[in-house]
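> Spelled out from the first residue to the last, the chains are:
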Amino acid sequence: MSDVRFRTQEIGSLAKPSWRVKTFAGRPLDDQDIEEAKRWGRRLEVDGHERLLEVLRSGQFGAAELTEIDDWAAVYGIRLLEKAELDVVYDGEQRRTEMYDHVAAFADGFEPRGIVRSFDNKYYAKAAVVESPSVGGPQDVEEFRFVRERTDRIVKVPLTGAYTMEDWSYDEHYSHEGALGASAERRYEGRRRFVVDVARNVILPNVEGLVAAGAEWIQIDEPAATTKPDEVPLVVEGFNEATRDVEAKKSMHICFSDYSALWPHVLELEDCLELQLEFANRDSRELGTGDEDRPGYADTLRLFKEHGYPNVGLGVLDIHSDFVEPAELVRDRILYAVDVLQDPSRIQVNPDCGLRTRSWDVVYEKLVNMVEGTRLAERELNRAHAAPAAR
Amino acid sequence: MELKAYAPGIYPRSEALVQATRDLDRGRTSPEAVDRQVESDLGELVGVQERAGLTLLSDGMLGWQDHFRLLAERSEGLDARPLTRFLDTNTFFRAVLVDGEPRLREPVPAPALPAGRWLAMLPSPLAFSRATHGAASAQLLAANVLAPQIEAYAQSGCSLVVLSDPFLAREQGVKELIASLAELPSSVPLALQLPFGDAGPLLDELAEAPVQAIGIDFYSTSLEALTSGYPKEVMAGVIDVRSSALESPEEIGGFVAELTARNPAGISLSPNGDLQFVPEPIAKEKIARLGRSQSALQEVA
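So the protein lines, in turn, are chains A and B. Start counting the first sequence at 27; every next residue gets the next number (the numbering used here). Start counting the second sequence at 2; every next residue gets the next number (the numbering used here).
In case anyone wonders, no lab produced these hints; they're calculated from the structure. We treat Cβ as the ideally placed atom computed from N, Cα and C, and that holds for glycine. Worth double-checking, as some hints may not be accurate.
[Claimed, not checked] No farther apart than 20 Å at their CA atoms in a straight line, the calculated lysine to aspartate or glutamate pairs in the DMTMM-like style are these:
#1 233/B to 251/B
#2 176/B to 199/B
#3 148/A to 26/B
#4 48/A to 71/A
#5 148/A to 36/B
#6 148/A to 16/B
#7 48/A to 24/B
#8 109/A to 71/A
#9 5/B to 300/B
#10 148/A to 168/A
#11 275/A to 312/A
#12 331/A to 296/A
#13 148/A to 296/A
#14 64/A to 387/A
#15 48/A to 26/B
#16 148/A to 199/B
#17 233/B to 199/B
#18 331/A to 398/A
[Stated by the list, open to error] Computed far set for chain B versus chain A, every beta-carbon distance over 12 Å:
#19 16
#20 92
#21 107
#22 115
#23 134
#24 138
#25 174
#26 198
#27 213
#28 224
#29 232
#30 247
#31 257
#32 280
#33 289
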């Protein structure tokens with residue numbers, strides 16, 4: 027048996043640096059913004075970052091300069107993930123406004139309606155579907171090419187899933203008329219048509235374009251997956267339609283959800299490498315590898331064990347807290363997962379979700395510890411595995 | 002039959018208040034400035050409801066982040082922490098951790114609304130228990146947290162408390178809920194609202210609940226599910242808070258005519274959940290249409 031080696035991966039978004047936010051918002055930069063660009067350029071050893079500083083200091087931000095700043099933000103995102111020693115990287119979604127708006131603003135058929143609260147004082151822009159959605163071509167190919175050309179790591183492209191687009195949109199097209207007092211079957215059918223249209227006519231063209239451009243791995247993000255537990259079959263249908271006949275690794279990310287609703291439906295996901303899930307948010311921060319130590323992991327991992335499919339992307343970092351998980355805590359979360367699944371090859375390691383709500387300083391420390399904790403877990407497993415042979 | 006209408010629950014904040022709370026988070030403004038904006042939003046919301054002619058006024062719960070947190074913060078033994086997806090919406094609440102016997106320490110202050118003319122919303126005891134992942138029972142939370150809060154509201158002139166339970170239609174538990182409702186005071190009429198769920202299979206059992214009205218989301222429940230002569234007032238969710246499309250008073254009128262033909266003990270009109278799920282300008286227009294529907298139906302009656 028070969029040594030255990032877990033793959034470490036990101037999930038998607040990073041916060042945008044202040045110099046990127048302000049220049050795109052037309053707000054003036056101050057010395058601190060430029061100092062941050064300089065500090066991270068040095069810390070991440072970004073080749074040629076002096077050019078970014080020059081652009082920022084110029085104070086003139088026309089279309090050409092904004093394009094250049096966007097590119098630098100992507101490079102910084104890639105380098106941060108590389109410097110933390112992740113195996114799988116992207117650009118921290120630096121070019122995207124936000125996962126929902128990125129798609130709704132690009133596709134035809136959606137119209138903006140305003141902002142609604144997500145939680146606390148966090149809000150997101152919400153659109154209404156007013157006709158069957160469609161796109162004129164793939165959306166993210168240039169973004170992918172830029173990343174691919176600038177890293178030798180594995181690249182995983184995150185894409186918002188069809189069900190989440192449906193669930194997070196207002197419906198002024200599919201089933202609005204006559205909805206008052208209507209049957210559940212009628213409502214479900216309207217939602218299903220919406221999901222399938224987005225999967226086939228918005229996401230699949232993007233996936234096909236990305237794979238044709240060389241993308242090896244597509245991650246479909248479905249944070250809304252269990253919002254309506256009886257609609258999990260629509261999540262599965264959306265995934266399968268959006269990736270049909272595509273020759274690439276395919277996985278799905280879900281977070282802050284009731285995972286018990288996923289099975290048995292997810293057994294119908296076609297060729298899904300793994301489900302990357304949030305766990306750390308609901309876990310204890312104490313060390314330990316017993317059931318009582320790992321309340322955030324126990325129930326869901328048993329579902330993975332019981333059903334045997336798919337594999338698990340194990341969320342080990344709470345993305346809504348500045349608490350920096352010690353490497354030993356990451357280690358114990360992984361060791362516990364191995365103990366439950368009894369098969370380390372079914373586990374890869376990631377944060378709970380995208381890290382956009384945390385500062386880069388916190389993110390970097392968290393990711394470094396995630397990788398270190400993963401190495402600690404591997405050492406412990408490999409030592410335990412080697413021990414009987416040594417006796 | 003008198004036709005009442007009201008808009009309980011969390012109302013969306015104006016863009017000005019959203020900006021004020023963001024500024025507060027970033028240290029760019031003071032709590033006092035946010036309070037002033039809350040007052041301004043409240044004044045605007047009261048005006049919208051009065052112009053719409055709603056029967057009772059809501060304060061829009063503008064200081065509440067979700068249905069549980071303020072109660073948890075004001076109680077011994079409860080702490081709101083893990084971010085948890087709120088069923089059926091792209092929103093989250095802080096699940097409630099239980100680290101001792103829950104007991105309301107200090108009630109949430111009553112809103113500054115005219116006595117006898119306002120309503121409040123609280124979580125149902127079972128929903129509250131679900132927010133603790135069952136760590137505290139519905140009965141305990143009803144007796145130690147919700148009951149004293151309802152009493153405090155009653156003493157300040159509250160005329161109706163709507164208990165919201167978005168979980169019941171999916172996760173069952175009517176018997177447990179009814180047992181817990183027995184712990185609540187009778188000083189204020191209670192309504193039980195089931196947002197975003199098919200109430201149909203529960204209606205027979207809920208006929209025994211010690212509440213005046215059952216709030217049914219008719220965008221998730223077929224009218225066919227309501228039997229003739231239902232013994233409770235039906236608080237009919239006829240405004241869809243998960244849709245940006247504006248309801249037509251004519252369509253609502255047609256629906257209420259069908260509902261009336263089923264002869265329930267009473268009918269009131271409301272949104273099917275918190276209006277916070279649409280942007281504030283849309284919520285404002287939905288309240289206006291709720292009022293127009295009520296007026297049109299009263300004239301016909």
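> Take the hints in turn and mark each one as holding or not.
To see whether the hints hold, each was checked on the structure:
| no. | hint | result |
| --- | --- | --- |
| 1 | 233/B to 251/B | violated (25 Å) |
| 2 | 176/B to 199/B | holds (17 Å) |
| 3 | 148/A to 26/B | holds (10 Å) |
| 4 | 48/A to 71/A | violated (23 Å) |
| 5 | 148/A to 36/B | holds (18 Å) |
| 6 | 148/A to 16/B | holds (12 Å) |
| 7 | 48/A to 24/B | holds (16 Å) |
| 8 | 109/A to 71/A | holds (9 Å) |
| 9 | 5/B to 300/B | holds (13 Å) |
| 10 | 148/A to 168/A | violated (30 Å) |
| 11 | 275/A to 312/A | violated (35 Å) |
| 12 | 331/A to 296/A | holds (19 Å) |
| 13 | 148/A to 296/A | violated (35 Å) |
| 14 | 64/A to 387/A | holds (14 Å) |
| 15 | 48/A to 26/B | holds (18 Å) |
| 16 | 148/A to 199/B | violated (29 Å) |
| 17 | 233/B to 199/B | holds (17 Å) |
| 18 | 331/A to 398/A | violated (26 Å) |
| 19 | 16 | violated (7 Å) |
| 20 | 92 | violated (6 Å) |
| 21 | 107 | holds (22 Å) |
| 22 | 115 | holds (28 Å) |
| 23 | 134 | violated (9 Å) |
| 24 | 138 | holds (19 Å) |
| 25 | 174 | holds (15 Å) |
| 26 | 198 | violated (10 Å) |
| 27 | 213 | holds (22 Å) |
| 28 | 224 | violated (4 Å) |
| 29 | 232 | holds (20 Å) |
| 30 | 247 | violated (10 Å) |
| 31 | 257 | violated (10 Å) |
| 32 | 280 | violated (3 Å) |
| 33 | 289 | holds (17 Å) |
Going down the numbered hints, you'll see the structure goes against 1, 4, 10, 11, 13, 16, 18, 19, 20, 23, 26, 28, 30, 31 and 32, while the others check out.
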